[in-house]
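Residue numbers (my numbering), protein chains in the order written: chain V, 27 to 439; chain F, 30 to 200; chain L, 8 to 128.
Among the clues, some could well be false.
Stated by the list, open to error - Below, computed lysine-lysine pairings styled on DSS-like, alpha-carbon distance capped at 30 Å:
| id | chain 1 | residue 1 | chain 2 | residue 2 |
| --- | --- | --- | --- | --- |
| 1 | L | 90 | V | 219 |
| 2 | F | 200 | V | 161 |
| 3 | V | 219 | F | 200 |
| 4 | L | 27 | V | 219 |
| 5 | F | 125 | V | 74 |
| 6 | F | 200 | V | 31 |
| 7 | F | 125 | F | 155 |
| 8 | L | 27 | V | 31 |
| 9 | V | 219 | F | 83 |
| 10 | V | 55 | F | 83 |
| 11 | V | 74 | L | 27 |
| 12 | V | 161 | L | 27 |
| 13 | F | 125 | V | 219 |
Claimed, not checked - Pair by pair, the computed Cβ-Cβ distance ranges are:
| id | chain 1 | residue 1 | chain 2 | residue 2 | range |
| --- | --- | --- | --- | --- | --- |
| 14 | F | 151 | V | 159 | 41 to 51 Å |
| 15 | L | 42 | V | 75 | 15 to 25 Å |
| 16 | F | 155 | V | 156 | 21 to 31 Å |
Unchecked claim - Just a sample of chain V residues kept apart from chain L, beta carbon distances all over 12 Å, derived:
| id | residue |
| --- | --- |
| 17 | 276 |
| 18 | 413 |
| 19 | 436 |
Just so you know, these hints were derived from the structure itself, not from any lab.
Glycine included, every Cβ here is placed at the ideal spot set by N, Cα and C.
Listed below are the residues making up each chain.
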Amino acid sequence: MIQEKLVCTTCACLCDDIEVEIEENRISKIRNACRKGSSLIYASQSDKRHASYLIYGQKVSQDEAVEKTSRLLNQAESPLLFGFDNSTLEAQSTAIELAEALGATIDDTSSFRQGELVQTILSNLNPTCSLDEAKDADLVIYWGSNPYHSHPRHLSHFSYYTHPKYEEAGWFPESRLISIEVRDTETTEICDKSFRFFRILPGEDPDFIASVLAIIEGKKGREDAGEFLKSIKSSSFCVIYAGPGLDYSLDGEYQTFNRMVNRLGECTRIAVIPMIDPYNMRGFNQLLFDKTGFVNRVNFANGASHGLEFSFLEQVRNNVPDCILIAGSDPLSSLPDSLVKNLGDITIITLDPFLTATTRISDVVLGIAVSGLETGGNAIRMDGTEISLNRVISTSIPGDEEIIRRLLDMVKR
Amino acid sequence: MPGRNSTTRGRDELAKRERPQPLYLFQMLPRTNCKLCGCKTCMAFAFSLISRDKKPEDCPPLLEDAYKPTLDQLKEIFGGDVEVNPDTGLLIEEDKCVGCGDCVVVCKKAITTMVYGGMVVQREDKPMVLQVVDGTVQVVNWRSCKRAEDPPDYCRVCEEKCRFGALELVK
Amino acid sequence: MNPLGGEKSSPIPIVIITYKDLFLWAARYKSVSDVDYERRAAQISLSADDLKSLGIDDSAQVRLANEFGSIVVQAKLDPRCPKGFGFMPRSRLTNRLTNYDPTRAKNPNFKRIEVTVEPVS
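Pulled out of the complex, with its shape left as it was, chain V reads as follows (with noise of 0.2 Å):
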C-alpha cells in the first residue's frame, strides 16, 4: 500500500492536502476529501468509466480516431473549440494554438456562468486576493451561492474556519459572516447563527446593489441595504465570493457591481473571488486574455475577434458550426434541451474521462485519462493561484493535452 498526496480537481478549490491510499494501482482510502471529491476519485476508476475510442458507436484503435478528428476538423468550414475548462493549463494552451491553427471559434462554460466577473479581475477593474490572504478576512459575504452543495470544503479549507482567532473555545471564528441569497440554504443558517443573512427576492440583486450605491451618495435606500453598507463600513477586510446566483441575477452586466465594490473599497479594504465551479476555467481564462484580452468567445478567422457571436449558445442556436470539438464537458446534461437539440445536426468529437449523455450522440469520442489523478500537469485555482497536480495513478490512457498536441501536430501538416 502506497500513500500519495493528491490536488482534488473536482471544483475550483483544488483542495491540495487529500491523502490516498494505493493499493495495486487503485486507490482504496481517500482522506479530506469531500463526499463530491471522493465521488468523482471513485468514479474514475468505476468499471462504468469510459475511456475507449469510438467512432459512430464502434470502437476503433486511437490512431483511428485521431485521425478521423484531425480530418474532420480540417473538413469543418466553421469549427468550434468548446470545453477545457476541466484540462490543465497546459492542455489548454495546446488548444488555443488549434484553434488559431484552424482560424477556429474557441469558447468555454464561462461564457454562460461567470466568464464576465473573471473578465472584470482579470482587467483589475475589481479588486481582489488569494485565498491564503482572505483568511484573515474579518467579513466573508457569500453572494448568490451555497458553498455546502457547489465547493462543500471552502468555509473550513479556505474562508470562515480559518480565521486565525476563535471566540469561545472553538466555537465561533472572529470572523463575521454574510449570506445574500433568495432561499435558506445551509449556508444562510449558519450566517444567521454568526451574522447576517439578507434574504432578497429572486431577481432583485441589481435593485439591492443600486440601494447600496444610492446610500452611499447620500441618498434613500432600502433598509437592508443600509445594513449591508453598515457591516461593510465595520470591517477592516472583506472578502465577497460571488457565486453563480449573482451572475444570474445581474445577466453578466457587473458595471454597478464593479462601482459598488470599488465605493465600498474607499471605506474598508475589499476583494472579490469567483465562486467558480469547473477547476481549471479559471486557467482557461487567463491564457486566453493574456493571448486575445478576451477570457472566453474568441474567434481566429482573422486574427482574434471577440464578441457574443462567438459564445458556444449563439453559435449552436444559430447552427453556425459544422463540427464542434467538445473537451471535458457534458452540454447535453448541463443546457437547456430546447438549445442542444441542435446539436443533433453537428458534427461532434468529444474528449472526456467518462460515458456522458454528450459523448452518446458523438460521431467520435476520445477517452482521455482523469487530470490530476491520472497526468499531471497545472491549474489555476478560483483566486487565480497557479497549482501544481500530481498524477498518482498510472494508466495507458493519454491524457487531453496529449491528444491536442497530436491533432495540432495533424492540422498544421
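Position chains F and L relative to chain V; hints supplied.
Here is chains F and L on its own, set in the frame of chain V:
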C-alpha cells in the same frame, strides 16, 4: 459576540435537523410505565431511544395495531442501521454528510484550546478526533475527544456545527 | 382533492429558480440512470399560498409545463418560499423546461423558468 438574528426554519431538510426531544417522544408513547421494555418508566424508554440503547420495537405495546402509526413515526425518526460510537456517543449518518469538514476543524480548535478566566488559552496539540474519509466524516482518534478526558467535558461543538444533521451526540 | 370546492384547480403561473444540489451531483457520478438521481431531481419547493391555490397538500404530485416541455414532480411545502416562485435542484429534468433566448438574457434562464403548475390527479 457578533449580533445574531434568528429565523424560522424553512425547508423540509432544515426542519429535519431538529433533535427529538425526550418529552415529545414521551407523549407519543403509551405512558403506562408497564416496564415490559425493561425500563422503569416510559420517560426512561424515551431517553433510551435517543441514546439508541433501545429501538422503537422494544416497546411491546407499540407493536399492537392501535399504535402502528406511532411505531411508524418513531421508526422514521430512529430508523436505519446507524452505529453509535461507543466511546464518544457520536452517531454519524453518512447519508447526510457532505464531507465539508466543518466539524473536523472546529473540533480541532476545541480540543487544543480552553477558556480560562474568560480568555481562550492554547492547550497542547493533539491528534484530531474526526477526519473526512471517503467523503464522509469518521472518528479517527476518540481519545483526543473532550468527552474522553477525566473528568469528561461534554462538548457538543461537532454536532452544533453540522448543517446537515449528520452528527448527533446521543450520550 | 380540492378542499376549496371539489372542482379541479386551474394551472397557476410560477417562476422556477434552480440551484445546485450536491447529493444529486454525487448520484450522477454513481450511475447515469440512478433511481436516486431521479428521486432527488423530481421535487419542487412551493409556498403555502401556492399549495393552497392548487388545492394540494405537501408531497402531492404536480405537473410543470411551458412551451418547451412538461414534467411531473413532487411539490414540497417551503414556508419561506415567496408566492409565485418555486425552487428546484438543477438537473436533466429541469433542462426540459429551460430555454436560451438572447432577446431576454445572455444566459439560459436557469434562475427564471416560467411555467404553469397544476396538480396531477
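Taking each numbered hint in turn, which are not upheld by the structure, reported in ascending numerical order? 2, 6, 9, 10, 14 and 17
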